[in-house]
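Chains A and B, in that order, are what the protein sequence lines are.
If you read the first sequence in my numbering, its first letter stands for residue 1, the second for the next number, and so on.
If you read the second sequence in my numbering, its first letter stands for residue 489, the second for the next number, and so on.
Please note that a few of the clues may not be correct.
Derived DSSO-like pairs: lysine-lysine, alpha-carbon spacing no greater than 30 Å straight-line [as the list claims (entries may be wrong)]:
{"no.": "1", "chain 1": "A", "residue 1": "Lys234", "chain 2": "A", "residue 2": "Lys378"}
{"no.": "2", "chain 1": "B", "residue 1": "Lys586", "chain 2": "A", "residue 2": "Lys454"}
{"no.": "3", "chain 1": "A", "residue 1": "Lys57", "chain 2": "B", "residue 2": "Lys833"}
{"no.": "4", "chain 1": "A", "residue 1": "Lys98", "chain 2": "B", "residue 2": "Lys601"}
{"no.": "5", "chain 1": "B", "residue 1": "Lys575", "chain 2": "A", "residue 2": "Lys113"}
{"no.": "6", "chain 1": "A", "residue 1": "Lys450", "chain 2": "B", "residue 2": "Lys586"}
{"no.": "7", "chain 1": "A", "residue 1": "Lys87", "chain 2": "B", "residue 2": "Lys586"}
{"no.": "8", "chain 1": "B", "residue 1": "Lys575", "chain 2": "A", "residue 2": "Lys98"}
{"no.": "9", "chain 1": "B", "residue 1": "Lys942", "chain 2": "A", "residue 2": "Lys98"}
{"no.": "10", "chain 1": "B", "residue 1": "Lys586", "chain 2": "A", "residue 2": "Lys98"}
{"no.": "11", "chain 1": "A", "residue 1": "Lys87", "chain 2": "B", "residue 2": "Lys601"}
Chain A regions said to be covered by chain B (calculated; three or more residues, Cβ under 8 Å) [said to hold, decoys possible]:
{"no.": "12", "region": "18-32"}
{"no.": "13", "region": "89-100"}
{"no.": "14", "region": "148-156"}
In short, the hints are calculated from the structure, not lab data.
Quick reminder that beta carbons are idealized off the backbone N, C-alpha and C, glycines included.
Number of protein chains: 2
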Amino acid sequence: MAKAITPRHVDYAEWYNDLVIRSGLADYSAVRGCMIIKPLGYALWENMRAVLDRMFKETGHVNAYFPLFIPKSFLSREAQHVEGFAKECAVVTHHRLKLADDGSGVVVDPDAKLEEELIVRPTSETIIWHTYREWIQSYRDLPLLINQWANVVRWELRTRPFLRTAEFLWQEGHTAHATRQEAIAEAERMLDVYARFAEEYMAMPVVRGIKTPSERFAGAEETYCIEALMQDGKALQAGTSHFLGQNFAKAFDVTFLDQNNQRQYVWATSWGVSTRLIGALVMTHSDDDGLVLPPRLAPLQVVIITIPTVEEPQMTVARQIADALGRQGISVEIDTDDTKRAGFKFAEYELRGVPVRIAIGKRDVEHGTVEIARRDTKEKVTIPSESAPDYVRALLEEIQRSLLDRAKRFVADNTHYVDTFEDFERILEERGGFVMAHWDGTAQTEALIKERTKATIRCIPLNAEPEEGRCIVTGKPSHRRVLFARAY
Amino acid sequence: MAKAITPRHVDYAEWYNDLVIRSGLADYSAVRGCMIIKPLGYALWENMRAVLDRMFKETGHVNAYFPLFIPKSFLSREAQHVEGFAKECAVVTHHRLKLADDGSGVVVDPDAKLEEELIVRPTSETIIWHTYREWIQSYRDLPLLINQWANVVRWELRTRPFLRTAEFLWQEGHTAHATRQEAIAEAERMLDVYARFAEEYMAMPVVRGIKTPSERFAGAEETYCIEALMQDGKALQAGTSHFLGQNFAKAFDVTFLDQNNQRQYVWATSWGVSTRLIGALVMTHSDDDGLVLPPRLAPLQVVIITIPTVEEPQMTVARQIADALGRQGISVEIDTDDTKRAGFKFAEYELRGVPVRIAIGKRDVEHGTVEIARRDTKEKVTIPSESAPDYVRALLEEIQRSLLDRAKRFVADNTHYVDTFEDFERILEERGGFVMAHWDGTAQTEALIKERTKATIRCIPLNAEPEEGRCIVTGKPSHRRVLFARAY
Numbered sequence: 001m002a003k004a005i006t007p008r009h010v011d012y013a014e015w016y017n018d019l020v021i022r023s024g025l026a027d028y029s030a031v032r033g034c035m036i037i038k039p040l041g042y043a044l045w046e047n048m049r050a051v052l053d054r055m056f057k058e059t060g061h062v063n064a065y066f067p068l069f070i071p072k073s074f075l076s077r078e079a080q081h082v083e084g085f086a087k088e089c090a091v092v093t094h095h096r097l098k099l100a101d102d103g104s105g106v107v108v109d110p111d112a113k114l115e116e117e118l119i120v121r122p123t124s125e126t127i128i129w130h131t132y133r134e135w136i137q138s139y140r141d142l143p144l145l146i147n148q149w150a151n152v153v154r155w156e157l158r159t160r161p162f163l164r165t166a167e168f169l170w171q172e173g174h175t176a177h178a179t180r181q182e183a184i185a186e187a188e189r190m191l192d193v194y195a196r197f198a199e200e201y202m203a204m205p206v207v208r209g210i211k212t213p214s215e216r217f218a219g220a221e222e223t224y225c226i227e228a229l230m231q232d233g234k235a236l237q238a239g240t241s242h243f244l245g246q247n248f249a250k251a252f253d254v255t256f257l258d259q260n261n262q263r264q265y266v267w268a269t270s271w272g273v274s275t276r277l278i279g280a281l282v283m284t285h286s287d288d289d290g291l292v293l294p295p296r297l298a299p300l301q302v303v304i305i306t307i308p309t310v311e312e313p314q315m316t317v318a319r320q321i322a323d324a325l326g327r328q329g330i331s332v333e334i335d336t337d338d339t340k341r342a343g344f345k346f347a348e349y350e351l352r353g354v355p356v357r358i359a360i361g362k363r364d365v366e367h368g369t370v371e372i373a374r375r376d377t378k379e380k381v382t383i384p385s386e387s388a389p390d391y392v393r394a395l396l397e398e399i400q401r402s403l404l405d406r407a408k409r410f411v412a413d414n415t416h417y418v419d420t421f422e423d424f425e426r427i428l429e430e431r432g433g434f435v436m437a438h439w440d441g442t443a444q445t446e447a448l449i450k451e452r453t454k455a456t457i458r459c460i461p462l463n464a465e466p467e468e469g470r471c472i473v474t475g476k477p478s479h480r481r482v483l484f485a486r487a488y
Numbered sequence: 489m490a491k492a493i494t495p496r497h498v499d500y501a502e503w504y505n506d507l508v509i510r511s512g513l514a515d516y517s518a519v520r521g522c523m524i525i526k527p528l529g530y531a532l533w534e535n536m537r538a539v540l541d542r543m544f545k546e547t548g549h550v551n552a553y554f555p556l557f558i559p560k561s562f563l564s565r566e567a568q569h570v571e572g573f574a575k576e577c578a579v580v581t582h583h584r585l586k587l588a589d590d591g592s593g594v595v596v597d598p599d600a601k602l603e604e605e606l607i608v609r610p611t612s613e614t615i616i617w618h619t620y621r622e623w624i625q626s627y628r629d630l631p632l633l634i635n636q637w638a639n640v641v642r643w644e645l646r647t648r649p650f651l652r653t654a655e656f657l658w659q660e661g662h663t664a665h666a667t668r669q670e671a672i673a674e675a676e677r678m679l680d681v682y683a684r685f686a687e688e689y690m691a692m693p694v695v696r697g698i699k700t701p702s703e704r705f706a707g708a709e710e711t712y713c714i715e716a717l718m719q720d721g722k723a724l725q726a727g728t729s730h731f732l733g734q735n736f737a738k739a740f741d742v743t744f745l746d747q748n749n750q751r752q753y754v755w756a757t758s759w760g761v762s763t764r765l766i767g768a769l770v771m772t773h774s775d776d777d778g779l780v781l782p783p784r785l786a787p788l789q790v791v792i793i794t795i796p797t798v799e800e801p802q803m804t805v806a807r808q809i810a811d812a813l814g815r816q817g818i819s820v821e822i823d824t825d826d827t828k829r830a831g832f833k834f835a836e837y838e839l840r841g842v843p844v845r846i847a848i849g850k851r852d853v854e855h856g857t858v859e860i861a862r863r864d865t866k867e868k869v870t871i872p873s874e875s876a877p878d879y880v881r882a883l884l885e886e887i888q889r890s891l892l893d894r895a896k897r898f899v900a901d902n903t904h905y906v907d908t909f910e911d912f913e914r915i916l917e918e919r920g921g922f923v924m925a926h927w928d929g930t931a932q933t934e935a936l937i938k939e940r941t942k943a944t945i946r947c948i949p950l951n952a953e954p955e956e957g958r959c960i961v962t963g964k965p966s967h968r969r970v971l972f973a974r975a976y
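Please model the entire structure based on the sequences and the hints provided.
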């Protein structure tokens, strides 16, 4: 067996890296900053994608696919956008290799230089809005509600699997609207979809808010976000939805004739979540023994293991229960590997985060019972085997609920309201977590706090109650608390 | 309205291009050789992908995801492979842009040159086999049955939407086996999956065969393929499955300890189909009025149009029928656009290939009838509205069958057995189609035929009966006919 997982209290970052690799979610690759998503990680992403895709379609969106490459000049059309992305672009400059003259391999063919360099998309606003210019002529063509599932590349210097990688998988919605109001409503609606997905499927509570100008997406007028709190007290931005105003419409000259036959610029949104959500899921629920996956997203929900080995009559009972669970739409597998001991298997399935394990021994069959263990709390019960299917179905729901409840309690316990900069620093050092504090609304103060504490304003919560107070740094008046944290 | 579709008899290539654009399958992009897959085309791909993915999973495969980029040096590890792909690689040389000194936009930052250039994957054998070296140690790790859904890039000079594009979407299976026999069986099994998919879902008959050495995949020991015949008499390679021998295992040093504790090289396969299948689908069934889509893959199976406009009581009947169809799992939409005439709508849905159209007029409601039109034959019937749901369900099956039957007849009518080179040339000029002829088995004769007629050996059919004959060029003995055609 490979090296054990570093316990969380020893080194949280090491625990994360160990777990991601050992559980089979991902692997490092030969390409700097690019990960390999292994079958377990990809199955999780497929489940996430299926739910999100359904939610997008239910809200009227359709999928399409735009080119991987973006002409370099497109990037500079929108001034903020180019500032935000130019520094982390993979640039394609040639379209051919040739055999080296000395036979030592291949070299770039200097005769195959592109007239204009292409960048590998870091996000697709530019190529899409260039296209929308052709697709949008009249108010009848609006709204245009398109989503894309794709890979994107942002050249990062320090990378970690799922959390920050040069290439990642994501979806990016790009919508076009006739009015400002409708575009804002769309951006808010998709934030709501993300929040519901996080809470109802990932069992991960999130704070919905808006970013300060300095944390906005490059090219947005407003960036909405959902922020989650990881077990180590650091925040993680789990999804963003942008109101882009008319910035991209103006940059790419996208106009429409309104109902009064007046030509107007189109209003835009974009919104995305990525494989980063897998990292968020890991750091919300998992423990020192391995992954803990919410049943609604787990690739395998139930595993059945016969003890001491793969033999009758245990296998007959296993098959009966598996059939009954399968008929209820529960994903279930019987482990039929007869080369490994049950204890080893228990640990493996715990590592891989299977929510429910059913163990069936010879003695169990004699007594007509099975042992059911839940992954989240490690609790075990022994129940009559004929009631196992119903029990397991209810247990999966209970685990889903319980994970969310536990995560909510964690957020509540780790959200601190502070009124002085001294307390602010102390809380961040001693406990981490979300820190709700008053801020004077200036980028200067925001930068100073970041410099001195490494904490950033994660968002101005949408549900924040108005409250009069004074900025923890400048003492200037403030009308609501904002959410600070150190973040991934 | 945009320009009409060029009729097939005038210019088949123009018809294809017009149809792909006008029907909303795809659009040209600002990036040379890259297409935009529009919502209709993408929905078709999603349906294809869903079926294929289920078939892959049923045959024991799991999905994973490997990096988009491949270190340049990986390509040269396998001698054939580098020959095949070096000339069409998009090469990433830099990882940053910077603002031009004159403020005119962005330029490549010369300080951000990569130490080793990366190529955008044209196919993933190299990066995957580099990884398999870590994943495979013992016979217990085999077989390894992995598939990837991804985008790939091959820099093509002449491109056409779906048929040949610089970037395309595809799946690539990469499997590793302990024995030669098992790997060959896998390659053949996946060819069989492709053939079943083509016939049962695309309603497209295919010939299964093996490629001659000169048409093999770069790095394969044997390439299996399915070949389809398009309406214009040209062949289209619709899918390939490769037995790679131990070539990639040797290039990347992937070995395993067998049951006798002997170290052996691993045996490999790879297999893929791409968005090219959408082009094949178009050129198998569609007509001068638009797309004809097989019901099993059509994104929308049934459209209901009320006449003369969106009004009662027609809408009530429409909703009743739509509900009944929806309950049977049939995808159905009622057109509620009240700004367009019914005649215009009929033409639009014909263009988009919706298999069944139900029209409901005021008079129909009085008579308790509806009019049902099938897209493939344009036949219409008027039937009692209460029997519409059952009728439509059966009709969808009938259309699926009928499309396959018609396509099979077309292949039969356009498969020619010739015994002289004179006949061979004449048939190709006058009629096109599949030409079954004797060949002496040499690459020299194959090249000569290609040069003189532009026809290539599409495959040596797997089901070919042994037959003694003489090569149409050299007169040398031959033991079976092979399949020639001009091809896409």
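Looking back at the numbered hints, which does the structure fail to meet, lowest number first? none
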